[in-house]
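A.B. asks: Each residue of the sequence shown is one higher than the last, beginning at 174 in this note's numbering.
Hints in this document: simulated from the structure, not taken from any laboratory. Just so you know, even glycine gets a beta-carbon here, dropped at the ideal spot from N, CA and C. Heads up, some of the hints might be wrong.
[To be verified] The calculated SDA-like cross-link candidates involving lysine to any residue, where the alpha carbons are at most 20 angstroms apart (straight line), are:
#1 K227 x V216
#2 K235 x I223
#3 K235 x L177
#4 K227 x L178
#5 K175 x R234
#6 K227 x M174
#7 K175 x R226
#8 K235 x I219
#9 K227 x V181
#10 K175 x V216
#11 K175 x I223
#12 K227 x F176
#13 K175 x Y225
#14 K175 x I186
#15 K235 x F185
#16 K175 x I229
#17 K175 x Q230
#18 K235 x M174
#19 K235 x Y218
#20 K235 x T180
#21 K175 x V232
#22 K227 x I183
#23 K235 x F182
#24 K235 x H179
#25 K235 x F176
#26 K175 x A222
#27 K235 x V181
#28 K227 x I186
#29 K227 x T180
#30 K175 x G193
#31 K175 x K227
#32 K175 x F185
#33 K175 x L224
#34 K227 x H179
#35 K175 x W231
#36 K175 x K235
[Stated by the list, open to error] Derived CB-CB ranges, DEER-like:
#37 L204 x M174: 40 to 46 angstroms
#38 F182 x A211: 18 to 24 angstroms
#39 A187 x K235: 22 to 28 angstroms
#40 L178 x I219: 14 to 20 angstroms
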Amino acid sequence: MKFLLHTVFIIFIALVTFFGLGPVLFADGVLQERLATAAIVVVIYIILAILYRKSIQWVNRK
174 MKFLLHTVFI IFIALVTFFG LGPVLFADGV LQERLATAAI VVVIYIILAI LYRKSIQWVN
234 RK
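Please take these sequences and the hints and turn them into a complete structure.
C.D. replies: In C-alpha cells:
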C-alpha cells in the first residue's frame with residue numbers, strides 16, 4: 174500500500190513540476206503573469222505535501 178501511495182504522489186509532483194514550473198521558467202509573458210503562476214504552483218505543492226503527510230499517517234495507522 175505504501176509503495177502505491179509513494180508512486181501516486183511522485184507522479185503528482187512530477188506533473189505539477191512539468192506543467193507548473195515549465196510555464197514559469199520558459200514563459201514569454203509579463204513578469205506579473207509568471208509570478209502569479211509561480212504562486213499557484215507553490216500553493217499546489219503545499220497542498221500536495223499536506224495530503225501526502227496525512228495519507229502516510231493514515232496508512233501507518235491502518
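A.B. asks: Are the hints correct? Go through all of them and say.
C.D. replies: Results of checking the hints against the structure:
Of the pairs offered as hints, the one joining K227 and V216 holds, with about 17 angstroms between alpha carbons and a cut-off of 20 angstroms not exceeded. The straight-line distance between the Cα atoms of K235 and I223 is roughly 19 angstroms, inside the 20 angstroms bound, and the hint therefore holds. Distance restraint check for K235 and L177: the Cα-Cα separation of roughly 15 angstroms lies within the 20 angstroms cut-off, and the hinted pair is therefore satisfied. The hinted pair formed by K227 and L178 meets the criterion: a straight-line CA distance of about 11 angstroms does not exceed 20 angstroms.
For the suggested pair K175 and R234, the alpha carbons sit about 12 angstroms apart, so the restraint of at most 20 angstroms is met. Straight-line distance between C-alpha atoms of K227 and M174 comes to about 14 angstroms, which keeps the hinted pair within the 20 angstroms bound. At roughly 12 angstroms between alpha-carbon atoms, K175 and R226 fall within 20 angstroms of each other, so this suggested pair holds. Of the pairs offered as hints, the one joining K235 and I219 is violated, with about 24 angstroms between alpha carbons and a cut-off of 20 angstroms exceeded.
Under the criterion of a C-alpha separation no larger than 20 angstroms, the hint pairing K227 with V181 is consistent with the structure, at around 14 angstroms. Between the alpha carbons of K175 and V216 the distance comes to roughly 25 angstroms, so the proposed pair goes past 20 angstroms and is violated. Distance restraint check for K175 and I223: the Cα-Cα separation of roughly 16 angstroms lies within the 20 angstroms cut-off, and the hinted pair is therefore satisfied. Straight-line distance between C-alpha atoms of K227 and F176 comes to about 16 angstroms, which keeps the hinted pair within the 20 angstroms bound.
Note on K175 and Y225: the hinted pairing holds, with a Cα-Cα distance of about 11 angstroms set against a maximum of 20 angstroms. Our distance criterion of 20 angstroms between C-alpha atoms is met by K175 and I186, whose separation comes to about 16 angstroms. Simply put, K235 and F185 have alpha-carbon atoms about 23 angstroms apart, too far for the 20 angstroms limit, and the pair is violated. Proposed proximity of K175 and I229 is supported: the alpha carbons are some 8 angstroms apart, at most 20 angstroms.
Only pairs whose Cα atoms come within 20 angstroms are accepted, and K175 paired with Q230 is accepted, the gap being roughly 11 angstroms. At most 20 angstroms may separate the alpha-carbon atoms for a hinted pair to count; K235 and M174 meet this at roughly 10 angstroms. A hinted pair counts as satisfied when its Cα atoms are at most 20 angstroms apart, and K235 with Y218 does not qualify at roughly 26 angstroms. Taking the CA atoms of K235 and T180, the gap is near 19 angstroms; set against the 20 angstroms cutoff, the hint holds.
Restraint check for K175 and V232: satisfied, since their Cα atoms lie roughly 7 angstroms apart, inside the 20 angstroms limit. Annotation: proposed proximity of K227 to I183 holds, straight-line Cα distance about 15 angstroms (limit 20 angstroms). The straight-line distance between the Cα atoms of K235 and F182 is roughly 19 angstroms, inside the 20 angstroms bound, and the hint therefore holds. Restraint check for K235 and H179: satisfied, since their Cα atoms lie roughly 16 angstroms apart, inside the 20 angstroms limit.
Proposed proximity of K235 and F176 is supported: the alpha carbons are some 15 angstroms apart, at most 20 angstroms. The hinted pair formed by K175 and A222 meets the criterion: a straight-line CA distance of about 16 angstroms does not exceed 20 angstroms. The straight-line distance between the Cα atoms of K235 and V181 is roughly 18 angstroms, inside the 20 angstroms bound, and the hint therefore holds. As the CA atoms of K227 and I186 are separated by approximately 16 angstroms, the hinted pair is consistent with the 20 angstroms bound.
Taking the CA atoms of K227 and T180, the gap is near 16 angstroms; set against the 20 angstroms cutoff, the hint holds. Note on K175 and G193: the hinted pairing is violated, with a Cα-Cα distance of about 26 angstroms set against a maximum of 20 angstroms. With a C-alpha separation of about 13 angstroms, the suggested pair K175 and K227 falls inside the 20 angstroms cut-off, and the hint holds. A distance of roughly 15 angstroms separates the Cα atoms of K175 and F185; the hinted pair therefore holds under the 20 angstroms criterion.
As the CA atoms of K175 and L224 are separated by approximately 14 angstroms, the hinted pair is consistent with the 20 angstroms bound. Between K227 and H179, the direct Cα distance comes to roughly 13 angstroms. Compliance with the 20 angstroms bound is thereby established for this hinted pair. Simply put, K175 and W231 have alpha-carbon atoms about 10 angstroms apart, close enough for the 20 angstroms limit, and the pair holds. In summary, the hint linking K175 to K235 is supported, as the alpha carbons are separated by about 11 angstroms, within the 20 angstroms threshold.
Between L204 and M174 the C-beta distance comes to about 44 angstroms, which sits within the given range of 40 to 46 angstroms. Between F182 and A211, the C-beta spacing of about 21 angstroms keeps the proposed range 18 to 24 angstroms intact. The hinted range of 22 to 28 angstroms is satisfied by A187 and K235, whose Cβ atoms lie roughly 26 angstroms apart. Range check, L178 to I219: about 18 angstroms between beta-carbon atoms, so the 14 to 20 angstroms window is met.
Checked against the numbered hints above, the structure violates hints 8, 10, 15, 19 and 30; every other hint is satisfied.
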